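Undergrad: Guided by the hints, dock chain B onto chain A, whose structure is given.
Chains as they are written, first to last, in our numbering: chain A, 347 to 458; chain B, 414 to 526.
By construction, these hints were calculated from the structure, which means they are not laboratory data.
These figures come from a predicted structure and were not determined experimentally.
Some hints here could point you the wrong way.
As the list claims (entries may be wrong) - Below 30 Å or equal to it, Euclidean Cα-Cα: the simulated DSS-like pairs (lysine-lysine) are:
(1) K395(A) x K414(A)
(2) K395(A) x K457(A)
(3) K445(A) x K481(B)
(4) K457(A) x K415(A)
(5) K445(A) x K437(B)
(6) K491(B) x K445(A)
(7) K404(A) x K445(A)
(8) K414(A) x K445(A)
(9) K414(A) x K404(A)
(10) K491(B) x K404(A)
Said to hold, decoys possible - Covered by chain B, according to a simulated footprint, are these stretches of chain A (three or more residues, beta-carbon under 8 Å):
(11) 388-399
(12) 448-458
No residue lacks a Cβ here, since even glycine has one placed at the ideal position from N, Cα and C.
Take a look at the letters that make up each chain.
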Amino acid sequence: AQSVTQLGSHVSVSEGALVLLRCNYSSSVPPYLFWYVQYPNQGLQLLLKYTTGATLVKGINGFEAEFKKSETSFHLTKPSAHMSDAAEYFCAVSTAGNKLTFGGGTRVLVKP
Amino acid sequence: DAGVIQSPRHEVTEMGQEVTLRCKPISGHNSLFWYRQTMMRGLELLIYFNNNVPIDDSGMPEDRFSAKMPNASFSTLKIQPSEPRDSAVYFCASRLGSSDEQYFGPGTRLTVT
Chain A
347 AQSVTQLGSH
357 VSVSEGALVL
367 LRCNYSSSVP
377 PYLFWYVQYP
387 NQGLQLLLKY
397 TTGATLVKGI
407 NGFEAEFKKS
417 ETSFHLTKPS
427 AHMSDAAEYF
437 CAVSTAGNKL
447 TFGGGTRVLV
457 KP
Chain B
414 DAGVIQSPRH
424 EVTEMGQEVT
434 LRCKPISGHN
444 SLFWYRQTMM
454 RGLELLIYFN
464 NNVPIDDSGM
474 PEDRFSAKMP
484 NASFSTLKIQ
494 PSEPRDSAVY
504 FCASRLGSSD
514 EQYFGPGTRL
524 TVT
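Bound-form chain A, shown alone (with noise of 0.2 Å):
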């Protein structure tokens, strides 16, 4: 079984400051990590993505994330937010094979 937890439901940053989101999973088997982000009235956006490899992970919009295995946790991070990251960001754990297992989401308000 594979679980997601994320840490706020809602998170607040004034515009130009570090973006923090956290996300913390339970697996049995090494896990594939996905963040995904959700703009108003649209669909999932893939992020970025862990699979192997690599522990620190650029996506687009100048967002990376770093899974630490030790802490089983897949935060997500940008050094600078700007209005257009207001949007609904989703951590997302699987195994190979699976499905995808989402947390409940997190909504950024970007403050100017």
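TA: Below, chain B alone, put in the same frame as chain A:
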């Protein structure tokens, strides 16, 4: 690439009516997923297919829900009869390989009155 295509984008129906949602996955993708998103329950997997075969339907709420994938380029999710609590956004997603990401469609917003 056209991406995952879903129709209709919006559906308003009365309680008791049959509703059919449609999905065309990305060409060449061999897995297809149906999700439901609500404020209360978040994003839930309803069912997924691999090579047109249903693999896991444990998320289907009840017998009123059924899904089919008659071929690699088309899937339907049917609700009969519909109830107000079925109101949600229904997403279809497709995937190429087991380690690859899922590509989501724009969703169908269903309102049952």
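Undergrad: Check whether the Cα positions of K414(A) and K404(A) lie no farther apart than 30 Å.
TA: Measuring from Cα to Cα gives roughly 15 Å; hence the hint holds.
Undergrad: Checking one constraint from the list: CA of K395(A) to CA of K457(A), max 30 Å. Satisfied?
TA: 27 Å, holds
Undergrad: Residue count check for the segment 388-399 of chain A against chain B: does it reach three with CB-CB under 8 Å?
TA: holds (count 7)
Undergrad: Verify the proposed pairing of K491(B) with K404(A), using a straight-line Cα cut of 30 Å.
TA: 39 Å, violated
Undergrad: Does K445(A) sit within 30 Å of K404(A), going by the straight-line distance between their CA atoms?
TA: 23 Å, holds
Undergrad: Under the criterion that the straight-line Cα-Cα distance not exceed 30 Å, is the pair K445(A), K481(B) satisfied?
TA: 18 Å, holds
Undergrad: Below or equal to 30 Å on CA atoms is what counts here, so check K445(A) against K437(B).
TA: 19 Å, holds
Undergrad: Taking 30 Å as the top limit, are the C-alpha atoms of K395(A) and K414(A) close enough?
TA: The hint holds at about 14 Å.
Undergrad: Is the straight-line distance between the alpha-carbon of K414(A) and that of K445(A) 30 Å or less?
TA: 22 Å, holds
Undergrad: What's the verdict on K457(A) and K415(A), does the C-alpha distance respect the 30 Å limit or exceed it?
TA: Status violated; Cα separation ~33 Å.
Undergrad: Taking beta carbons only, do three or more residues of the segment 448-458 of chain A come closer than 8 Å to chain B?
TA: holds (count 3)
Undergrad: Please verify whether K491(B) and K445(A) have alpha carbons no more than 30 Å apart.
TA: Given pair K491(B), K445(A) holds - Cα atoms ~21 Å apart, limit 30 Å.
The structure fails hints 4 and 10 (numbered hints given earlier, in ascending order).
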